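Guided by the hints, dock chain X onto chain A, whose structure is given.
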Amino acid sequence: MTNLIRRAAVALALPVALVVLWWVATADSTSIFWPPLSRILGVFGETWFTGRFTDDVLPSLARLFAGYLAALLLGVAMGVAIGSFRLLRALVEPVLEFFRAIPPPVLVPILMLFAGIGTEMKVLVIVSGCLWPVLLNTVEGVRGLDEVLRDTARCYRLGLRARLFRLILPGASPQIAAGARQALSIGIILMVISEMFAANNGVGFTIIQFQRSFAIPQMWTGIIVLGLIGIALSAIFRMVERRLLGWYIGVREAHRTEG
Amino acid sequence: MTTQPVGAAATTSTAMLEVRGLKKIYEGRGRRVEAIRDLTFGVAAGELVCIVGPSGAGKTTLLRCVAGLLDCTEGEVVLEGRRVTEPPPGMAVVFQEYGRSLFPWLTVWQNVELPLKEKRLPKDRRRSLVEESLEAVGLLDAHRAHPWQLSGGMQQRVAIARAIAYEPRVLLMDEPFAAVDAQTRADLEDLVRKLWRELGITVLFVTHDIDESVYLGRRVIVLSHSPTVVLEEVTVDLPDERDQLTTRSLPRFAELRSHVYELVQRAKRGYRPEGR
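Chains A and X, in that order, give the protein sequences. Taking the numbering used here, I'd label the letters of the first sequence as residues 1 to 259. Taking the numbering used here, I'd label the letters of the second sequence as residues 1 to 276.
Everything labelled a hint here was simulated from the structure, so no lab data went into it. Bear in mind that the values here come from a model prediction, so they are computed numbers and not experimental data. For each residue, glycine too, the CB sits at the ideal point set by N, CA and C. Check before you lean on any hint, since a few could be wrong.
What the hints assert, rightly or not - Stretch-level coverage of chain X by chain A, calculated; a stretch enters the list once three of its residues show a Cβ under 8 angstroms from a Cβ in chain A: (1) 84-96; (2) 109-117.
To be verified - Facing chain X, a subset of chain A residues (Cβ under 10 angstroms, in silico): (3) R52; (4) D146; (5) R166; (6) Y248.
Same shape as in the complex, but just chain A (with noise of 0.2 angstroms):
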């Protein structure tokens, strides 16, 4: 119990003095970009919490989420495939190489003309930024299977399904996990930017809509907001990613108390 609060204390300490030194900092500000914090604060409730939550961080994180889940099927379903056939890798790698050097955002403009403003460009948007991550990693975890285990898997006869679920996909979860976590965060980024361009709700419309209006402290809530959803959408990351690699971190760690 004491350690829990040992945790808890260590890990909040310095949220809370950058929160303090923010209030501090701008308790006397009359600056019309750097309104208090407390104003902020003040404006928070009622900027959020009388429709905008509903009409617009709701429609956001439905984006999200599609595109996110859309990226993963495809980024694994396609990882897997290149990853188990030399001849497929050979001849996608260079490609991939190029769009996944392409920053997603210069795909807005182009996926305008494709499928307009409206919400399929968004998770369009979306898809197309986290599909990379996912995708190259997927193929790495499944090159990476290792070959005694790929051996037993072979001389126990294990057909095509038991070989993908009980072989492929859990022995590359761990580095699909690390690709998925990147592509949450290039997610949000991009669920952010999409809507910058051009959209009639959304966090991220709210933030311009605000910027553009000079409310400048229901802005700043915007940010926050948008920190929040970060933190909480890694929390619940977090959360499934050590129900399912359970048996990862147990090997890690009994590695090393071998080591």
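Chain X only, in chain A's frame:
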């Protein structure tokens, strides 16, 4: 000394496993490495044969060819009358790297059960097989653990349990105890003897340990240095009832051991049979 001419045992009609004229050349980037030159031997049904040779004798290559994991360049491996081109049904393999051959994301029970599911055995049958085999290796209590929570010797026991639960007619073992400590090793050797006698399966046991090969085997096939040929087949005429203390102190054990030892030493110095 009871030795047989090279290849004599291969012609027995009850041979479960036959290796005929096996040759393996690794080719890559303009280099040709001849790992195995010419191997011919047979293993009768229900026999326990050890293969021993100096390190670098291509023992693992041989075993991978026999298991159907590796294509041979020439010759063939015949199991129960059928030529081996891929891992055949009815064969189980225990690898040296126990830590890498168990699925770390599955529990002990699930590891043993997985191949049985692939064989589409009914649930009741699976349960009794898993239970019996874990019982036989003394690990039924640990069935909920994950492999990495167990010691090395215990992990190799799980791999053995998985192999015997599969009900193979042939069990291949590739230096299975090379990475466990000496006491665990003795226990595991006795376990293999016990399971072999109880189940009546055919066992091909590859090792670099001379004592182990004499203690375990009914026959020891001594390999030359790479490119590998058979140096000699030594019949181990020790009583079938063996235990670590009495068997190892028999004068006959010492004789056989020093004979095999000498062969392996000669193999290390590069000695090979005439013209091979």
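Interface hint compliance - Y248 of chain A to chain X, C-beta minimum distance less than 10 angstroms: holds, 8 angstroms
Cut-off 10 angstroms, beta-carbon criterion: hint that R52 of chain A touches chain X: violated, 43 angstroms
Restraint check, 10 angstroms cut-off on beta carbons, for R166 of chain A near chain X: holds, 6 angstroms
8 angstroms C-beta criterion, at least three residues: is the segment 84-96 of chain X covered by chain A: holds (count 7)
Interface restraint verdict for D146 of chain A against chain X (beta-carbon cut-off 10 angstroms): holds, 5 angstroms
Residues of the segment 109-117 of chain X with Cβ under 8 angstroms from chain A, three needed, outcome: That given contact holds, which follows from 3 residues of the segment 109-117 of chain X lying within Cβ reach (below 8 angstroms) of chain A.
In this structure, the one hint that does not hold is number 3.
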